[in-house]
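Q: Note that the protein sequences, when read in sequence, are chains A, B and C. Okay, so the first sequence: first residue is 1 according to the UniProt record's numbering, each after it adds one. Okay, so the second sequence: first residue is 1 according to the UniProt record's numbering, each after it adds one. Okay, so the third sequence: first residue is 1 according to the UniProt record's numbering, each after it adds one.
FYI, nobody ran anything at the bench for these hints, they're computed from the structure. It cannot be assumed that every hint is accurate.
[To be verified] Calculated lysine-lysine pairs in the DSS-like style (CA-CA distance at most 25 Å, straight line):
(1) A:K504 - A:K520
(2) A:K520 - B:K80
(3) B:K45 - A:K520
(4) B:K45 - B:K80
(5) A:K517 - B:K115
(6) A:K327 - B:K45
(7) B:K45 - B:K115
(8) B:K191 - B:K164
(9) A:K517 - A:K504
Because the structure is a prediction, the values reported are computed rather than measured.
Residues per chain, in single letters:
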Amino acid sequence: MSIIRSLTLLLFAIIMINPAFAQDQNTDSGRALLTNLAEAPASEVEDAIKSIVRSGDERARGWLEAYGANRLSRIKDTGQVVLVLNNRGRDWEIADPLTGENMGEMSRRELDRVAINNRIRGQLEGILAILDLNAADPDVREASARDLMGKVDAALVEPLQAQLETEENAAVRDRIQAALAIYRVGEGDLDAVDELSGSLHPRARAALSEAVRGDNPALAAKARQALAAIEQKLKLNSAAETLYFGLSMGSVLVLAAIGLAITFGVMGVINMAHGELIMLGAYTTWGMQQLLPGQPGLALILSIPAGFMVAATAGIIIERSVIQFLKGRPLETLLATFGISLILQQLVRTVISPQNRTVVTPEWMSGSLVINDALSLTLNRMYVLAFALIVFAGLMLIMRKTRLGLEVRAVTQNRNMARSMGIRATRVDILTFALGSGVAGLAGVALSQLTNVGPNLGQNYIIDSFMVVVFGGVGNLWGTLIAGLSLGTINQLLEPWAGAVLAKIIVLVFIILFIQKRPKGLFPQKGRAAEG
Amino acid sequence: MSLFEEFANRDRVFEFLTPVESPVDVRHGPILYLEDVNVSFDGFKAINNLNLTIDDGELRCIIGPNGAGKTTMMDIITGKTAPDTGSVWFGSRHNLLRMNEPEIASLGIGRKFQKPTVFEALTVFENLELAMATDKRIIPTLRAIMRPEYRERIDEVLETIGLKDLRDNLAGILSHGQKQWLEIGMLLMQKPRLLLVDEPVAGMTEQEMERTAELLTSLAGKQSVVVVEHDMGFVRSIARKVTVLHQGSVLAEGSMDQVSNDPEVIKVYLGEEA
Amino acid sequence: MWLTRPLRERSTQLFLGVLFAALAVVTLLHLTMPEDSPFYVSSFTVTLMGKYLCYALLAVAVDLVWGYLGILSLGHGAFFALGGYAMGMYLMRQIGDRGTYGDPILPDFMVFLNWQELPWFWHGFDMAWFAFLMVILAPGLLALVFGFLAFRSRVTGVYLSIITQALTFALMLAFFRNEMGFGGNNGLTDFRDLLGFNLRTDATRLGLFIASGIALAIGYLICRGIVTSKLGRVSVACRDAEARARFLGYRVERVQLFVFVVSAMIAGVAGALYVPQVGIINPSEFSPIFSIEIVVWVALGGRATLYGAVIGAILVNYAKTVFTGVMPDAWLFLLGGLFVLVTVFLPRGIAGLLASRRKKQDEPTDTDSDTGKEATA
Chain A
1 MSIIRSLTLL LFAIIMINPA FAQDQNTDSG RALLTNLAEA PASEVEDAIK
51 SIVRSGDERA RGWLEAYGAN RLSRIKDTGQ VVLVLNNRGR DWEIADPLTG
101 ENMGEMSRRE LDRVAINNRI RGQLEGILAI LDLNAADPDV REASARDLMG
151 KVDAALVEPL QAQLETEENA AVRDRIQAAL AIYRVGEGDL DAVDELSGSL
201 HPRARAALSE AVRGDNPALA AKARQALAAI EQKLKLNSAA ETLYFGLSMG
251 SVLVLAAIGL AITFGVMGVI NMAHGELIML GAYTTWGMQQ LLPGQPGLAL
301 ILSIPAGFMV AATAGIIIER SVIQFLKGRP LETLLATFGI SLILQQLVRT
351 VISPQNRTVV TPEWMSGSLV INDALSLTLN RMYVLAFALI VFAGLMLIMR
401 KTRLGLEVRA VTQNRNMARS MGIRATRVDI LTFALGSGVA GLAGVALSQL
451 TNVGPNLGQN YIIDSFMVVV FGGVGNLWGT LIAGLSLGTI NQLLEPWAGA
501 VLAKIIVLVF IILFIQKRPK GLFPQKGRAA EG
Chain B
1 MSLFEEFANR DRVFEFLTPV ESPVDVRHGP ILYLEDVNVS FDGFKAINNL
51 NLTIDDGELR CIIGPNGAGK TTMMDIITGK TAPDTGSVWF GSRHNLLRMN
101 EPEIASLGIG RKFQKPTVFE ALTVFENLEL AMATDKRIIP TLRAIMRPEY
151 RERIDEVLET IGLKDLRDNL AGILSHGQKQ WLEIGMLLMQ KPRLLLVDEP
201 VAGMTEQEME RTAELLTSLA GKQSVVVVEH DMGFVRSIAR KVTVLHQGSV
251 LAEGSMDQVS NDPEVIKVYL GEEA
Chain C
1 MWLTRPLRER STQLFLGVLF AALAVVTLLH LTMPEDSPFY VSSFTVTLMG
51 KYLCYALLAV AVDLVWGYLG ILSLGHGAFF ALGGYAMGMY LMRQIGDRGT
101 YGDPILPDFM VFLNWQELPW FWHGFDMAWF AFLMVILAPG LLALVFGFLA
151 FRSRVTGVYL SIITQALTFA LMLAFFRNEM GFGGNNGLTD FRDLLGFNLR
201 TDATRLGLFI ASGIALAIGY LICRGIVTSK LGRVSVACRD AEARARFLGY
251 RVERVQLFVF VVSAMIAGVA GALYVPQVGI INPSEFSPIF SIEIVVWVAL
301 GGRATLYGAV IGAILVNYAK TVFTGVMPDA WLFLLGGLFV LVTVFLPRGI
351 AGLLASRRKK QDEPTDTDSD TGKEATA
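Pulled out of the complex, with its shape left as it was, chain A reads as follows (with noise of 0.2 Å):
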């Protein structure tokens, strides 16, 4: 109820803007239709209504819509026809319908309800979206002919038809058609059938499924056949709705691993605060955001050069007090790696809080993209993918086309002849180093997008991390990508029958008998310089 009112008031206040609407009290011709409305016998409601509709007036809505929710009422005393915003208590507090004037509280005594019954509320709602039909914005004349499927019934037809007319948008007119079509399913047509067998709304295969019930054996076996070509599309649907939070799940994958591609893959160094160089870069978008406070979508778009800066630095400060000492022994690395994420999570704990905080996402990345009914996605995870592919790409570019990359394939290929040949080897693993914990910052900085922003963010990353990498095959930058997007993927796929947790184990389980069965991973490095 509480919605209609705020409606209501919404609209009441778009209208008090308007000063075409600030007429004289006594000229407005509203009144004289609600008072129509509210003496009406129970015969003559619906042409009360309709005259309301033709009338065109913009308020007819908010007159309605307060009518079918029982808010129309009428002061004993003077016959005046009033809004009721709030009917708890004693007091109902009222407000004028032509002006949306508040007029204060009055005892419910004084009070006559606007009477309504059952068949005319159920009317009403079609002819609220019949309104709407004549609005100017085609969004808007969309959604009120979607909202019709299912409610026609035989007094919109004539209407509709006529709507059908004067419409020029090619959506608005399909969706009136169909919500013809499925008033005419009902009523045994079965050219109707054909119409909504390639709808994937609710309401079509509902009434469809009403006529596969039906007596109609004709029309069963047609609106049969129907179904099932609408199921076939309705799972090529959600098969691909699998596949974009599959994508979705692996672009995050790719991109909290890709770095660790880089750092483990790469240069043969096992990072385990990997992760938490990842909670950095989230924690730096919180940061910007409250630097920044109302513009989360340019603190956002800032966040990417900082977060990949705050990590980077963080990168090059632990490569220099540790790593660098624990040159060719992994095992040692992997603890001190371990200890420094320990350090960082609670360093996060103390100095900004154990609670997560709330990253606000930008208005141009919240919503969805509708495809069909049947299928919407949203954006902010296809703008993850995509940050995640132009990452790779970028990625790759600087392994393969730039001095550095030459550089760090040399120095890993093999240290001694790299620096004989005059490439400082301890500033390509300074610069390597930072350059994979950078883009752990990015990972970051997306992932602060979908997920909760807080001190164990990191953690519920890195060993997936891992999986990916080693699944992927070590210091394969494309096996790093593949890997991401497949694990996503067949997680996604198994999650439907299996459950999220379920779906985790199944993959990990997967990839520990894999790494068995093929201890390089899907894309090894071969020949003898594997060996070494």
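Following the hints, complete the assembly by docking chains B and C onto the known chain A.
A: Chains B and C in isolation, oriented as in the chain A frame:
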């Protein structure tokens, strides 16, 4: 673990002293037989239609430029690398391609690596102890005890390889040459029928080299020995028969003089050396 | 015999001497001192020390595989927890109809979940012998299957560490699920008695403490027996030069599997003794951080020494008790710092510091005592 089993074990005491009853069937001639072996790594043909036969008791030297496939060939014989095609037989009974490294080792093929590989955290004595030809399954190893005859055997080998004074030192402190000797000593402890020796004299002094030559020559006859070596002087000093590998297949075979006069060999190998 | 051989070493004699002396002193102080005496050891402290002893046993198990076999297991917590769960299931069944819901067969959480009958894997746990067998078999079996697959495909080094971590993580997720039938999130708790002894009495607690000490002694002896045997030297050989060991005819993967399984079983026993003392077992014991913490105990104490693992486990856990009490925030900083400092500055741990002076004289004597065996054998 029971006392009874301890006693029951006693009848295996002299097993060590009995001549090794090799399961290898050499009645039909060669002890090692490679036919049409091919291996490629990422398209690079490391071994190309290799055919090689080693007779029982023979001492064979294998030479060839870098990348000729010498080490890969040893990897194939010892089960480390599986060839793409071809067959490898030990005697006429054992198909080596069907076995893994420990099985091949237990069969009596010992191998010395190019880079000396010893157990650096164990003493010289312990290194030899582990190499000894005994039951190498888990539980017998757990319950193994040092018998006097084992100790004698190890001391004997220590004497042979000249590391007697270092017996209780960690192998990690040995010099490069000493490690080479220790590794050869470990091969001797294994009592193999066939020894594959990869560059035994690298990092050795002139005298050490001489002793190594002496040792390897003395082994021949009882055991078959295959030596891969770069040092031509050393090869000349021990070789009876030399095989030249080039690009993964046999280029020439014969006595050192025959081989060194072969124009093909001079072209690809000795020519470059000179 | 391999198991009794270590008894003739000085280091083992010293270790066992100190351990039993400590057990005796704590027992005496607990029993004879009046409660207001400064020397009185409270029941709470006895249980706390019992807990440390279980951790020490677990650390010894980890040191066996990490120190002597070079396998850094980041999943030993899983074996510990499995042993703990086996014990927990027995204790659960011992509650009988004294639970909140009074069901004679079903544990409380199953009644709560509306289960009608006991899942098949809960059968038999009402019998102590079966449960105690499972304490060893369940972790042993997991280690056998996992190790068989891993070692056969020669997964070693960092890869193995990562997949052991994934293993314990997967198990943690699994045990968190109610459907698994192990009490989900809450785990198993509310235990009453063990072998008829009430777990809440001081005498039982003291008994468990002593049992933990004896288990540590036996576990230490088994590990020491293995590492001083020829198999121990083969393990070191596999650790340092796997290929060489293989070409000498040793089945490296079997050596690894054997030692790994033994280690997992010891960890299971440690878990089983731990559970009745802390009174609960839940999936957090499977968490990867716990497993990796065990490794740092060993690293601090000194890898490949066994007694170092014991020292490390007790030291770190004592520090944990102190710090989480006094300033809980500082503990993770300290633990994290410990990881870094030990690996960078103290690679051989405390035992390394202690032994570095004696090492030169000790090593030959060790060999002598081994090889001197022949006279008595």
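Q: Hints first: check each against the structure and report whether it holds.
A: Hint-by-hint comparison with the structure:
1. Restraint check for K504 of chain A and K520 of chain A: satisfied, since their Cα atoms lie roughly 22 Å apart, inside the 25 Å limit.
2. Straight-line distance between C-alpha atoms of K520 of chain A and K80 of chain B comes to about 17 Å, which keeps the hinted pair within the 25 Å bound.
3. For the proposed pair K45 of chain B and K520 of chain A, the alpha carbon gap of about 22 Å is at most 25 Å, so the pair holds.
4. Among the hinted pairs, K45 of chain B with K80 of chain B is consistent with the structure: their alpha-carbon atoms are about 17 Å apart, no more than 25 Å.
5. With a C-alpha separation of about 29 Å, the suggested pairing of K517 of chain A with K115 of chain B is violated against the 25 Å cut-off.
6. A threshold of 25 Å between alpha carbons decides the hint, and for K327 of chain A with K45 of chain B the separation of about 35 Å lies outside it, so the pair is violated.
7. Straight-line distance between C-alpha atoms of K45 of chain B and K115 of chain B comes to about 23 Å, which keeps the hinted pair within the 25 Å bound.
8. With a C-alpha separation of about 20 Å, the suggested pairing of K191 of chain B with K164 of chain B holds against the 25 Å cut-off.
9. A threshold of 25 Å between alpha carbons decides the hint, and for K517 of chain A with K504 of chain A the separation of about 20 Å falls inside it, so the pair holds.
Going through the hint list in order, the structure does not satisfy hints 5, 6.
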